[in-house]
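J.: Starting from the two chains in their separate frames, assemble the complex, guided by the hints.
If you want the building blocks of each chain, they are given just below.
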Amino acid sequence: MRNNIDIFHNFFRSKQHLLDLGDSHWPTYRILCQLAYEDGEDSVISKQAEDFLKKKRADWSYFNQINRIKQSRKNPNFKTLSEHSDLINGVHILKDNKVLSCSQYDNV
Amino acid sequence: MIKQKTARVFISSTFRDMHTERDYLSKVIFPEIREELKQRGIYLVDVDLRWGITEEESEKGETLKICLDEIENSRPFFIGILGDRYGWIPDVSPSKMLNSTEKKIVQGKETSEDRFVWENKLKAGEHSVTALEIYYGVLNNLEQKKRSFFYFRDDKFIKDVPKEKVTDVKDEDKIQQKKLALLKKKIRDEYSDLPENLNDYGVKYKGLKINWLEIKNSTDQKNIDMEKLHKIADDGIVDNDEILELNADEKKLVFNNTFTYLDFDSLVEFGEKVKEDLLRSIYDVFPEDAEELDPLDQETMIHTNFCNDRSNFFVGREKQLQVISDYVIKNYSNKPLAIVGEPGSGKSALMAKAFSNCNSEEDNTLIIPHFVGCSPSSVVCFRTLNRFCTLIIRKFNIELEEGIPDEYNKLMECFKSIVKQIPEKGKLIIFIDALNQLSSSHKSHSLNWLPEILSENVKIIISALPGEVLASIEDKKFPQEKLGALNNNNREEIIRGRLKPYRKDTLTKEQMAVILKKEESGKPLYLTIVAEELRLYGEYERVNQKIAGFSENIEGLFDQIFKRLEDDTDDINLVRDAMCLFECSRFGLLETEMLQLLKPSVKDAINMGLIDTDKESFELPRKKWSTLFLSISTYFRSPGEDKTGLIDFFHRQMSKAVRKKYLNKKLEKSYHKKLAEYFHYQAFGKDPKLSFSGYDGRGFAELPYHRLLSGNRKEAEKLLTDFTFLMGKARTGLVTEILFDYELLNEYQEFNHEK
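Sequences listed follow chains A and B, in order.
First residue of the first sequence: 445, per the numbering used here; consecutive thereafter.
First residue of the second sequence: 786, per the numbering used here; consecutive thereafter.
Next up, chain B with everything else stripped away, as it sits in the complex (with noise of 0.2 Å):
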């Protein structure tokens, strides 16, 4: 698994009177960051809210619960841009704004409930939204403030701006100036003893830009002579000089803030203090000689961190937990414990909790969790053995003759031996969830790498599905503890317990009855989803249909996710690509993939004014991502979760249902044919003369699979014997990768896909 990283940066300004400022970052000075982060692993990310945001879906009360969100995914990094405008105000108050569609912070340091407590306080008319991104990003929390940059424009050049458009970057009103000034001061004080972070930059008044498709899209151009306006605006600006042989027709036509903005000279020097100051800040926080944690440490940490997620909002199952503990403490059995259930019952759940009640202080034990599928190498049987190996010889100082063997029969053997050679005073518990997803290679469902017989002080608990390993477990007549529903109160507990952060708790008993009713009501994960739905439905007068429409069971729980979804977008296409590019995926992606594997082709991004020419570069507009995932990120792995930012289903149910509602064998091939094309363009690098020059690690280590998968085994074979492929994938950190992919073209064969 190839080390990246990713740096998501938040960018808060007003929006009209900073276009030229913001076109010049996301064209000009992110892509020379990106450019030099990808040479070390880092991706970045830059949050420009920009293209989807209106004043008029403001109004409906997105927008701040997406800016705040973003901000919240984006920590630590922020960029504060002002100039002379304090921005618009919404007219209600930001708690209501948000009420209705409050969501889990990720990974803000903040509970939800504070922020619920903050938001209450504040008033109606009374703060920007430019303002709250900045209170709420930066002043109410200042643990963001090293890693956040503040650039004031100031405000010479407005003497050269036509006065019919000095309104488009200077506020009029008394009150909201003053309001601008307090903000700034705020900033300024606060930011007394971080003055590097503060930076003043000065800029050129250059013209009116024009915005071509907005006057074509328009019916106030009857009497405007295009010809003549082309004609004078040949570079697509109108200058000061130009204004003068329009007539008052066509001047009202450049004055109208929806067909022009101004353009700026001279925003170099603002660039480069962006990029040195940004640079500076990402590199401080992953710095290049950083002690790596060893690859095994690293796992352990993504086992752990898995575990503590899964053991949130636990409850109930008292019997189960209590069996464990009987099992690890008092004896009970010479065998491995299986616990088994039904998908969605909640062992991995179990499993975690039991887990960290396990937590023990004595010195001469070790506990191992490993949650099949929560890593890419965890799926896999050969690593997993090598891996309790290490860990056993490595606490237990045991020694081996000949180390951990490379082959796998002799480590089957050896894990086997390794588990009776356990001091007598030591002691060994493995926690083993979801075996029903190891890989199927080696027979491993069979369980023959399994010691059937453990000594006093070796415990291993298990979990699987019914299927092929349930059945070796009762072939083998481990013990078994079974999951079955839960009962009414621990349904209620789960519901309320995660309404509750929300003030959602508020459901009647009527309600709730009919949530318990439902078929598969006795699983945590359908008792999560009905949560996380509820919690995110708006209107409380319709609460009551919004229950009974329910599906009865998690599969058809995610086909509604699905079609709310595609409402919510009103882009059926984006929410199925999104899906099958998700599970098609190897282990998951990026969001900066996400947003190029989904924009739209170069003849619509043209007619959605996302660019004006063919030549420029462009992605999914921010806003439709943002609602397409914000409002399901909660079933996905948090990209924030081990900073390498790769986004995947959390659920394997989720997978399943994707797979069901919108994958066929035939479209499967042509989502890995776009992820190895995508790849191919990645990792090929930007010179056509020297193939594979790119420095993307995820193009060198993706595109192997992709062109396997996408049936195209010829192009994977070309591709592991083009020296030029492999020097790049050796630049870029993956040698040890590339025995991997040799392996992977000899079993293709057998290759099992479900991850």
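Excised from the complex, chain A in its bound form (with noise of 0.2 Å):
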């Protein structure tokens, strides 16, 4: 049984790259709330964000009722790069485990 403390450590880790996109028209609260609520049927943090929901405390439009994961797991990446705007051929770990190399049509 994994630590609560660990569940909500690792789900703001691996979303980090998604809650950076909030700006004045969408803010970083409601991006996550919904991440929240579309986290897993079983995720503590998807029962809390229902129970905010359910609480009428979102004066904005949101997404429900929608299919998500039957059960919520730990993310594995340490950190989501989110920079790349085209296709990925291919990435390769170094033999160091630390390093990513990729190859892409974008230049980034």
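In case anyone wonders, no lab produced these hints; they're calculated from the structure.
Please note that the accuracy of each hint is not assured.
[What the hints assert, rightly or not] Derived pair list, reagent style PhoX-like, types lysine-lysine, alpha-carbon separation capped at 25 Å:
1) B:K1228 with B:K1180
2) B:K1474 with A:K500
3) A:K500 with B:K994
4) B:K1503 with A:K491
5) A:K518 with B:K850
6) B:K1474 with A:K498
7) B:K1400 with B:K812
8) B:K1503 with A:K498
9) B:K850 with B:K1409
10) B:K1400 with A:K499
11) A:K491 with B:K1499
12) B:K1503 with A:K459
13) B:K1036 with B:K991
14) A:K491 with B:K1474
15) B:K1195 with A:K500
16) B:K823 with A:K500
17) A:K514 with A:K491
18) B:K1348 with B:K1446
19) B:K1195 with A:K459
20) B:K1474 with A:K499
21) A:K518 with B:K1503
22) B:K1445 with B:K1348
23) B:K1503 with A:K499
24) A:K498 with B:K1115
25) B:K1384 with B:K812
26) B:K1058 with B:K969
27) B:K1115 with B:K1205
28) B:K1400 with B:K994
[To be verified] Some, not all, of what chain B presents toward chain A, calculated at C-beta under 10 Å:
29) S977
30) G1373
31) L1375
32) T1506
33) M1512
34) T1521
35) I1523
No experiment lies behind these values; they were computed from the predicted model shown.
Glycine is no exception: its CB is placed at the ideal position from the N, C-alpha and C atoms.
T.: So this is what it looks like as structure tokens:
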């Protein structure tokens, strides 16, 4: 049984790149609420987000009754790199397991 | 770090006839403004000195000093409310009132010397305190004009006021009336091109508001039927019809201005205008869509400001400055240069001075100042290295295939590699002060992150106290320059230099000799504190005893300052609580927070007459705060320095002295608990059914830290797994801090609290 702190920590770490997209038109907290709601059927985060929405604490539009995964699981990614804008051809992990090399069309 | 700002507003008016307006502003209008501003990360401090300052106290010479200091600290916002009273005129000249207690102006444009000259021109018995506030705050400082607002009350209501009370609201004396008319004319003339800042308003007389507490405490109520009076004034007010029901003794009581003051209706329009004016003005100064400096530039600004502050009043140390200059220019060593010295020996000031001497106009030179401890992120080695790397890459267009690493070990290597890539024609100089204050995580005190061999065009100057960092410096055989005691000429120069702007550099040779014989007088910090304490000391006749009584060392001096504060405030608990709260804070506290955290209990507040019922809100009386803080403000990082309003100790030695005198582990936890409870209340919001619906970014930012440090790990974990708290944190713009909160939880076992 994963500790709730780990679950929340992992959730925020793996979603950081999406939370960074918030701006004055669609602020970060709305993105957070949607992501939390979509985390998984059995997710403690989703349950709390549902409760939050049930209490009508969101005064903005959001997607509900979406198909979401049954069992939420730990995202093994440490960080999502989000700069690419075109197809990525291949990814290679170097021997040290730390450096990621990729070939792509967008020259990022 | 959240981007909060603080706006302080000084309210100037006569007291006796303006209670109702001031009450209405502080109880209705300012809370509304405060709520609105909070949503934009701005904190409002309304400076209403009414609670503390009485005319008796004024005669002691304290009033004007406090008023003018508070006006300075509140610039540029100022509200003047004038009715038909000119107000109390002190018998002594303003300069005499200030002579004993003159203090450094924190933010004002005028130098203290200008202020001294201005005050000397004023004659005794000429101007009221209110007029002086207006002249000093606005009419003599026209830069303030645009952000100052005046409200003139018309006198139509006076016809309804019982004739026995008319003197409470209108001057009888013709000279006073003339002076008031002249003051109003001067304001109107001055604002002829800015009429929107002048307002006339009317009120409707309601009755006499009774101060039950004063009546209860008085001895004049023997012949008064209190039951009858309570029945008549069941709403706390005696109107004109009700006065007819009173007998002669009762009338005498209600006409006494100690026991009643005039209450008005129809203040809504006045209040709304104040709200509109202030909000417009505050939004102008802190615009929502203002382009915020990027975090890197913001951090650089903090270091540069700190540097400017520290290099003020710098004297001596010619040899050390020459050594640094030679090191930078003549290339006599390919290792970092270390400046070492005891606490208070002036390392930071020397580093700041050397940095400002180094200012190069050459385009291809990058000079980075880094004063550990001057900003929250400056103590974290990871963030420090990230800052250096980003600045260097930006300046010299160095390309990194993988960008700046997120992982500490890689970042360390990246920094070492980048400093080797400075172009031949370029030059990099880094000043890193107080390495001992760097957080000890990642074994940063071993200096394994610092390049040991530097190329010719890279110079790194570091400073540290004796201890672990110095041991690493010795291990790595870095060249050292030691800061010893100052020579006597420099010592004298520091003291005289600090006293001169206040016209107090009149110490005799004998008096100076006594100071210079003190054990730690060779340390600039010791001399700075001595000069500051002498400046604040009013009794010239007893200055010899004062000097003789100064402690031999810095720690002892701080102890004496705490004792002085305890005497000045006559409240040992208040001083202890204030110092301990600052010490236990994460990166300092706001003035608004201190006023709430230090407020008396509800019972005491009722007894003190701050509130009538337990349903009213209240805070620490302003006078108590001003008495406590203004006389030690030079030992604190100024609240206006970066407009965040956070107040924190300027010298780490003060922090240590607080720990030694007041704190133990148990008490420390209890202060963290108090802070946690306060911030919880701020973040939770007002609706008990909607948890964490508040808009207070400070509450969301500080709460997890204080829950942890109060020893309540479970509560901290509960908080960081509570979606409503996390949503609140995101709503107040703090989503990136959430990850730091989890990291804090993970690192808590090895958490080193010393800031």
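J.: A separate judgement is required for each hint: does it hold in the structure or not?
T.: A quick look at each hint next to the structure:
1. Simply put, B:K1228 and B:K1180 have alpha-carbon atoms about 29 Å apart, too far for the 25 Å limit, and the pair is violated.
2. For the given pair, B:K1474 sits about 12 Å from A:K500 by alpha-carbon distance, which is consistent with the 25 Å threshold.
3. At roughly 44 Å between alpha-carbon atoms, A:K500 and B:K994 are farther apart than 25 Å, so this suggested pair is violated.
4. Taking the CA atoms of B:K1503 and A:K491, the gap is near 15 Å; set against the 25 Å cutoff, the hint holds.
5. Note on A:K518 and B:K850: the hinted pairing is violated, with a Cα-Cα distance of about 62 Å set against a maximum of 25 Å.
6. Pair hint B:K1474 plus A:K498 holds up; C-alpha atoms about 13 Å apart against a cutoff of 25 Å.
7. The straight-line distance between the Cα atoms of B:K1400 and B:K812 is roughly 12 Å, inside the 25 Å bound, and the hint therefore holds.
8. Between B:K1503 and A:K498 the alpha-carbon distance is near 21 Å, which keeps this suggested pair within the 25 Å criterion.
9. The hinted pair formed by B:K850 and B:K1409 meets the criterion: a straight-line CA distance of about 14 Å does not exceed 25 Å.
10. Proposed proximity of B:K1400 and A:K499 is contradicted: the alpha carbons are some 29 Å apart, above 25 Å.
11. A distance of roughly 21 Å separates the Cα atoms of A:K491 and B:K1499; the hinted pair therefore holds under the 25 Å criterion.
12. The suggested pairing of B:K1503 with A:K459 holds, with an alpha-carbon distance near 21 Å, which does not exceed 25 Å.
13. Proximity of B:K1036 to B:K991 is assessed by CA-CA distance (about 17 Å); at most 25 Å being required, the pair is judged to hold.
14. For the suggested pair A:K491 and B:K1474, the alpha carbons sit about 18 Å apart, so the restraint of at most 25 Å is met.
15. For the hint linking B:K1195 to A:K500, the alpha-carbon distance of about 46 Å lies beyond 25 Å, and the restraint is violated.
16. With a C-alpha separation of about 23 Å, the suggested pair B:K823 and A:K500 falls inside the 25 Å cut-off, and the hint holds.
17. For the suggested pair A:K514 and A:K491, the alpha carbons sit about 13 Å apart, so the restraint of at most 25 Å is met.
18. This hinted pair checks out: B:K1348 and B:K1446 have alpha carbons roughly 11 Å apart, not beyond 25 Å.
19. Between the alpha carbons of B:K1195 and A:K459 the distance comes to roughly 23 Å, so the proposed pair stays at or under 25 Å and holds.
20. Distance hint between B:K1474 and A:K499 is fulfilled; the C-alpha atoms sit about 10 Å from each other, no more than 25 Å.
21. Our distance criterion of 25 Å between C-alpha atoms is met by A:K518 and B:K1503, whose separation comes to about 20 Å.
22. Only pairs whose Cα atoms come within 25 Å are accepted, and B:K1445 paired with B:K1348 is accepted, the gap being roughly 14 Å.
23. Distance check on the hinted pair: B:K1503 and A:K499 sit about 20 Å apart at the alpha-carbon level, within 25 Å; holds.
24. A hinted pair counts as satisfied when its Cα atoms are at most 25 Å apart, and A:K498 with B:K1115 does not qualify at roughly 71 Å.
25. Taking the CA atoms of B:K1384 and B:K812, the gap is about 16 Å. The hint holds against a cut of 25 Å.
26. Between B:K1058 and B:K969 the alpha-carbon distance is near 19 Å, which keeps this suggested pair within the 25 Å criterion.
27. Annotation: proposed proximity of B:K1115 to B:K1205 holds, straight-line Cα distance about 19 Å (limit 25 Å).
28. Between the alpha carbons of B:K1400 and B:K994 the distance comes to roughly 18 Å, so the proposed pair stays at or under 25 Å and holds.
29. Interface restraint check for B:S977: the shortest CB-CB distance to chain A comes to about 40 Å, outside 10 Å, so the restraint is violated.
30. A least Cβ separation of about 26 Å between B:G1373 and chain A goes past the 10 Å threshold, and the interface hint is therefore violated.
31. Against a cut-off of 10 Å between C-beta atoms, the interface hint on B:L1375 is violated, since the closest Cβ of chain A lies about 24 Å away.
32. The interface hint given for B:T1506 is met, as the beta carbon of that residue sits about 4 Å from the closest beta carbon of chain A, less than 10 Å.
33. Because the closest C-beta pair between B:M1512 and chain A is about 6 Å apart, less than 10 Å, the hint holds.
34. Taken as an interface hint, B:T1521 checks out: its beta carbon lies about 8 Å from the nearest beta carbon of chain A, inside 10 Å.
35. The criterion of a C-beta within 10 Å of any C-beta in chain A is met by B:I1523, whose closest approach is roughly 5 Å, and the hint holds.
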